[in-house]
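Next come the chains, spelled out residue by residue.
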Amino acid sequence: MKFRTMNQDKLLEQLKDYEDKWVALLEQDDTAQVVASGSDAFEAQQEARSKGYEKVRLMKVWPFNAGYAPLA
Amino acid sequence: MRFPYRKQPNFLNPHQPWISRPVIPVCLFHHSQQVQVEALIDSGADATLFHSSIGKVLGIDLEAGRRARFFGVSGDPIDVYFHPVQLQVVGAGEPVEMEVGFTNARGVAALLGQIGFFDHFRVTFQRAKDQVEVTPLPHRG
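Going line by line, the protein sequences match chains H and A. Letter 45 of the first sequence, counting from 1, is numbered 45 in this note's numbering, and no numbers are missing. Letter 92 of the second sequence, counting from 1, is numbered 92 in this note's numbering, and no numbers are missing.
Since the hints were made in silico from the structure, they are not lab data. Remember, it's a predicted structure, so these values are computed and weren't measured experimentally. Every residue, glycine too, gets a C-beta built ideally from N, C-alpha and C. Hints are supplied without guarantee of correctness; some may be wrong.
Below, a list of computed lysine-lysine pairs in the PhoX-like style, where the Cα atoms sit at most 25 Å apart [as the list claims (entries may be wrong)]:
1. H/Lys-55 / H/Lys-16
2. A/Lys-56 / H/Lys-21
3. H/Lys-10 / A/Lys-129
4. H/Lys-55 / H/Lys-21
5. A/Lys-56 / H/Lys-51
6. A/Lys-7 / A/Lys-129
7. H/Lys-16 / A/Lys-7
8. H/Lys-51 / H/Lys-16
9. H/Lys-55 / H/Lys-10
10. H/Lys-55 / A/Lys-129
11. A/Lys-7 / H/Lys-10
12. H/Lys-21 / H/Lys-10
13. A/Lys-7 / H/Lys-55
14. H/Lys-10 / H/Lys-51
15. A/Lys-129 / H/Lys-21
The calculated label-pair distances, taken between Cβ atoms and stated as ranges, are [unchecked claim]:
16. H/Asp-30 / A/Asp-79: 36 to 46 Å
17. H/Asn-65 / A/His-139: 38 to 48 Å
18. H/Glu-19 / A/Asp-76: 35 to 45 Å
19. A/Arg-67 / H/Ser-39: 19 to 29 Å
Next up, chain A with everything else stripped away, as it sits in the complex:
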């Protein structure tokens, strides 16, 4: 399925008061809870990460998960806690089982990264057309 890049207000360019980002809707499932989130496709992120408040909506006990340390562009480390969820790209196939990380870091909202997301979906960015195509990969048994 193809998604238009999401326009978000931004004033970096004085001639254009918005910026386009490859943001798509995903639904996370955990036990009986679910939440829909607009998530940034980030091919440079090692893993698929969400803010801890998304985990709270899902009823996840954050620190009960497997802990890992991540670095971002600032160089400061953040703690991430991994939990199993099901993730569905809204409008593009069935939910897929994967581990995603949750963190209190303010710089993380919803990132679809290599481990988890790119493991399960083929992604084709078309910046010139302001669109991204996301296709579920065949299940690997």
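So here's chain H without its partners, still in its complex pose:
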């Protein structure tokens, strides 16, 4: 059975700078790094593209001082 592993601790530290933003992640080897951000997914993707990163993964970083219940 395959298992997707990643060093999440390095990424966790980076995400602390992007509260309530969308980030563009570049996954390399066993970790991922934030290469761009924006107020929505389109902005984050456009910034990544302007920096030369075509293949990124987009993720919303939710506010840190609250829980998340979808559609709230």
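Here the structure of chain H is known, so what remains is to put chain A in place on it, guided by the hints.
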């Protein structure tokens, strides 16, 4: 394929500055466009939903889709517009045709819900191990 729960910064627990969520990477395809997104598996969501800015990356004309109304925990309704896409769980099989919804609601980023996602994948949550297993279901002809 098994995925570890994704750690995300959160300060609800003063002894642990992060929270683990069943978030997995998916790739959406629409015509010649594609986008990879980290999406929350949400067995309580009726449908598979994404923020409208994901649709914008895919070149989708949001309001051209079929409109439906959804309610969340706050009780306030949101408008959702459904469009056909292909969705692939990164590392777990081929893209699957499905309808997913797009909305401007701030509370929606990427949700893998019953219609769409759970129609096509078997999901086994293992909270004690902080992992989730996702397996494509056989194609139903």
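(message) Could you work out which of the previously given hints the structure breaks and list their numbers from low to high?
(response) 10, 15 and 18
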